[in-house]
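> Whole structure, please, built from the sequences with the hints as guidance.
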Amino acid sequence: MGRDVGLGPYMRFKKKYLDAVLAGRKRVTVRYGIVRPRFSLVYVVCCGEIYGEALITRVVYTKLGSLGDDVVSAEGMETREELMGELREIYGDVSDDDPVSVIYFTLVRKYDKPVPLAHGRGGY
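Residue 1 is where the sequence shown starts when you use the UniProt record's numbering, and the numbers rise one by one after that.
Worth flagging that the hints you see were computed from the coordinates, not collected in a lab. Just so you know, not all the hints are guaranteed correct.
Below, in silico cross-link-like pairs of lysine-lysine (DSS-like), each with a Cα-Cα straight-line distance of 27 Å or less [stated by the list, open to error]:
#, residue 1, residue 2
1, Lys14, Lys63
2, Lys63, Lys16
3, Lys14, Lys110
4, Lys16, Lys113
5, Lys26, Lys16
6, Lys26, Lys113
7, Lys26, Lys15
8, Lys26, Lys63
9, Lys110, Lys26
10, Lys14, Lys113
11, Lys110, Lys16
12, Lys15, Lys113
13, Lys110, Lys15
14, Lys14, Lys26
Written as structure tokens, this is what we have:
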């Protein structure tokens with residue numbers, strides 16, 4: 001099982017990770033498959049709203065089983081098993097041999113209040 005997709009101008013996060021992203025504590029996101037960002041500057045999106053902007057600084061393609069503790073920790077997880085559980089919740093059955101994209105980013109702008117995503121489709 002694998003996928004190869006492009007990442008557009010929006011990098012989406014679950015609500016439970018939003019505070020860590022906006023505080024700069026979460027600086028990595030692991031996405032299933034080969035995810036190729038089309039932009040280096042992306043909007044941070046959660047629950048249909050844009051909360052800020054992030055700069056993608058690096059993308060590493062590897063196997064899920066090869067992820068080190070440094071990536072797991074930067075992702076905001078305690079263990080690799082916790083990360084596997086999150087990926088399974090989103091993507092279904094995943095294994096150590098599956099490809100993942102490790103996207104490193106830096107929050108460069110946090111909005112005072114979120115902007116509805118529908119507004120971003122016109123002029124963003």
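> Among all the numbered hints in the text so far, which are the ones the structure does not match?
Going through the list in order, the structure violates no hint and respects every one.
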